[in-house]
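Protein chains: 2
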Amino acid sequence: MAGLAEIVEAGLLIPTGTRGVYGRSAAFEDVRRGVARLVSTLAEPDRPERMSFPPVLARRQLESIGYLKSFPHLAGTIFSFEGGEPEAAEQESRAGRHEEWSEFQRMTDLVLVPAACYPVYPAVAARGQLSTGGVAIDAGSAYVFRREPDDDPMRMQMFHQRELVRIGEPETVVAWRNEWRDRGIALLHSLGLDVEYGVASDPFFGRGGRMLAAEQRERELKFEIAVRLPGRAPTAIASFNYHEDHFSSAFDIRTASGDTAHSACLGFGEERIVLSLLQAHGIEIERWPAAVRHRLWEETP
Amino acid sequence: MAGLAEIVEAGLLIPTGTRGVYGRSAAFEDVRRGVARLVSTLAEPDRPERMSFPPVLARRQLESIGYLKSFPHLAGTIFSFEGGEPEAAEQESRAGRHEEWSEFQRMTDLVLVPAACYPVYPAVAARGQLSTGGVAIDAGSAYVFRREPDDDPMRMQMFHQRELVRIGEPETVVAWRNEWRDRGIALLHSLGLDVEYGVASDPFFGRGGRMLAAEQRERELKFEIAVRLPGRAPTAIASFNYHEDHFSSAFDIRTASGDTAHSACLGFGEERIVLSLLQAHGIEIERWPAAVRHRLWEETP
Numbered sequence: 134m135a136g137l138a139e140i141v142e143a144g145l146l147i148p149t150g151t152r153g154v155y156g157r158s159a160a161f162e163d164v165r166r167g168v169a170r171l172v173s174t175l176a177e178p179d180r181p182e183r184m185s186f187p188p189v190l191a192r193r194q195l196e197s198i199g200y201l202k203s204f205p206h207l208a209g210t211i212f213s214f215e216g217g218e219p220e221a222a223e224q225e226s227r228a229g230r231h232e233e234w235s236e237f238q239r240m241t242d243l244v245l246v247p248a249a250c251y252p253v254y255p256a257v258a259a260r261g262q263l264s265t266g267g268v269a270i271d272a273g274s275a276y277v278f279r280r281e282p283d284d285d286p287m288r289m290q291m292f293h294q295r296e297l298v299r300i301g302e303p304e305t306v307v308a309w310r311n312e313w314r315d316r317g318i319a320l321l322h323s324l325g326l327d328v329e330y331g332v333a334s335d336p337f338f339g340r341g342g343r344m345l346a347a348e349q350r351e352r353e354l355k356f357e358i359a360v361r362l363p364g365r366a367p368t369a370i371a372s373f374n375y376h377e378d379h380f381s382s383a384f385d386i387r388t389a390s391g392d393t394a395h396s397a398c399l400g401f402g403e404e405r406i407v408l409s410l411l412q413a414h415g416i417e418i419e420r421w422p423a424a425v426r427h428r429l430w431e432e433t434p
Numbered sequence: 134m135a136g137l138a139e140i141v142e143a144g145l146l147i148p149t150g151t152r153g154v155y156g157r158s159a160a161f162e163d164v165r166r167g168v169a170r171l172v173s174t175l176a177e178p179d180r181p182e183r184m185s186f187p188p189v190l191a192r193r194q195l196e197s198i199g200y201l202k203s204f205p206h207l208a209g210t211i212f213s214f215e216g217g218e219p220e221a222a223e224q225e226s227r228a229g230r231h232e233e234w235s236e237f238q239r240m241t242d243l244v245l246v247p248a249a250c251y252p253v254y255p256a257v258a259a260r261g262q263l264s265t266g267g268v269a270i271d272a273g274s275a276y277v278f279r280r281e282p283d284d285d286p287m288r289m290q291m292f293h294q295r296e297l298v299r300i301g302e303p304e305t306v307v308a309w310r311n312e313w314r315d316r317g318i319a320l321l322h323s324l325g326l327d328v329e330y331g332v333a334s335d336p337f338f339g340r341g342g343r344m345l346a347a348e349q350r351e352r353e354l355k356f357e358i359a360v361r362l363p364g365r366a367p368t369a370i371a372s373f374n375y376h377e378d379h380f381s382s383a384f385d386i387r388t389a390s391g392d393t394a395h396s397a398c399l400g401f402g403e404e405r406i407v408l409s410l411l412q413a414h415g416i417e418i419e420r421w422p423a424a425v426r427h428r429l430w431e432e433t434p
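Keeping their order, the protein sequence lines are chains A and B.
Letter 300 of the first sequence, counting from 1, is numbered 433 in the numbering used here, and no numbers are missing.
Letter 55 of the second sequence, counting from 1, is numbered 188 in the numbering used here, and no numbers are missing.
Certain hints may be false.
Unchecked claim - Ranges of calculated distance between the beta carbons of each label pair, as one might list FRET restraints:
1. A:Arg-420 to B:Arg-361: 49 to 59 Å
2. A:His-379 to B:Glu-329: 47 to 57 Å
3. A:Glu-419 to B:Glu-281: 25 to 35 Å
4. B:Glu-281 to A:Arg-260: 45 to 55 Å
5. A:Ala-366 to B:Arg-361: 31 to 41 Å
6. B:Ser-390 to A:Arg-420: 48 to 58 Å
7. B:Ala-389 to A:Tyr-330: 31 to 41 Å
8. B:Arg-361 to A:His-231: 36 to 46 Å
Simulated from the structure, these hints should not be mistaken for lab results.
These numbers were taken from a predicted model, which means no experiment stands behind them.
All C-beta atoms in this analysis are idealised placements derived from N, C-alpha and C, irrespective of residue type, glycine included.
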């Protein structure tokens, strides 16, 4: 059983001088891509449309969906320089001495993407009313940002979500989410991970957030698959989220019958899955169980 | 010959409500990945070490390499919320009305990565002195940010660089860059693109920047390959940069003989290459010349 310190020491993750931000070695990436490919194979019956988005989002969209009510502490906003040559010179002079230079930076119209599904909703909305049965979207493997600086590599500030989205009639969306919960458990078991499944809640901010979390649990809007590893509490490596009409109302997405659509998304935390595999099977990837290696690389979809 | 508006209309790029930020369709991504794979094949003789970094960087590193002297106008800095529940409530209230809420955001220790090679230098420096011959690093396909909002899809704010880096003795580094210039021209020709090669300069900021640009040209530190497409000036789609000791001095990277190393990097602009192919060969990718399709997808490395 490999420890996280050992994984970093082996060069599988490359420290970058700031907490929760790592480079990835070729071996780490090969495992991560293997996991992503397995999710693609699982998604085939849905015949999803693939869309890929960069890790930045229009700020207005974050404002419109109420992210700053639920997760103000996790959001990253993008600022840039405004000024002329004297201000640029002063900014550079202070930056060169590693002193404060934030006063020269102004908020832009961009923020970092906090969940890989967020750009999907306005893109689907822009096409007009859905057809019967709605849409399945594969948002690929995308970098997302959460402002949670931490020394534990299982909690990164920037990591890949392997994300899928379903938008349509409520019963279609709920059935899809439940199907994927089972697919997800089977996938992670097949990789030799000891996982458990349960109702979960998001890390909502503040006192009001505790109420939101309790309500989310009571209504079973979020399921998570957590991995059991020695020396740590079960840690979520996949989540399955039913949004009801949260996103569809914000962007006015309607079903074929004209009702506001419902949506659900699911995300596999790719780096957490790779780290779990390294902890479960050891840092010598070439010595992992043959069945796991076969699943990751040798099965042709 | 397809126009850029036609490419967006065909859904190959997906508008996101903010200039220079697009989603990519499955077809767009398949071409982009084909281009990236061709660069990997070209890189095989270098036997590069693969490293992948997320699109955020320690702010201190941007300060240390003088980026804010040369390109203050292009940098993106990351801010996040600091405050308690009252401040969060006021921030959310203003954001919900799409009013100003920047005062609740504070500069973090992170910035957006402006060039895919930047995280490589401190990672190599951390390993200590180089061996004879130095190192070749493949930084993969990485998203980078430039604060240049523009309606022209050929100028995105967030795009993929396919980047390689060489660090070592000056003559090794210069020979590598020259070799890649020829490889790059051959690659882009083989995709049916009409390209030209020349000495170039970076878009340095301000009056001082004009002097830096003139010096860069005079010393032939930057080469670019530009594509010739109807209706637009030649547009750079790859660049080949000799940094001399710029990065190695900042991070104290030394050769086997103890001298400060030199470095060079090269980057292919993946989205610009895909857009160039769509403009040159048409938006119906299945009707592209067989030789181009073969190069992109059917050759096994």
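Evaluated hints:
1. A beta carbon spacing of about 52 Å between A:Arg-420 and B:Arg-361 agrees with the range 49 to 59 Å that was offered as a hint.
2. In this structure the hint that A:His-379 and B:Glu-329 lie 47 to 57 Å apart at CB holds, the actual value being about 51 Å.
3. Between A:Glu-419 and B:Glu-281 the beta carbon distance is about 44 Å. The supplied range of 25 to 35 Å is therefore violated.
4. Against the hinted window of 45 to 55 Å, the Cβ-Cβ separation of B:Glu-281 and A:Arg-260 comes to about 28 Å, which falls outside the hint.
5. For the pair A:Ala-366 and B:Arg-361, the supplied restraint of 31 to 41 Å is violated, since their beta-carbon distance comes to about 59 Å.
6. A beta carbon spacing of about 38 Å between B:Ser-390 and A:Arg-420 contradicts the range 48 to 58 Å that was offered as a hint.
7. For B:Ala-389 and A:Tyr-330, the Cβ-Cβ distance of about 54 Å falls outside the hinted range of 31 to 41 Å, so the restraint is violated.
8. At about 44 Å, the CB distance of B:Arg-361 to A:His-231 agrees with the hint of 36 to 46 Å.
Violation of the numbered hints given earlier is confined to hints 3, 4, 5, 6, 7; the remaining hints are satisfied by the structure.
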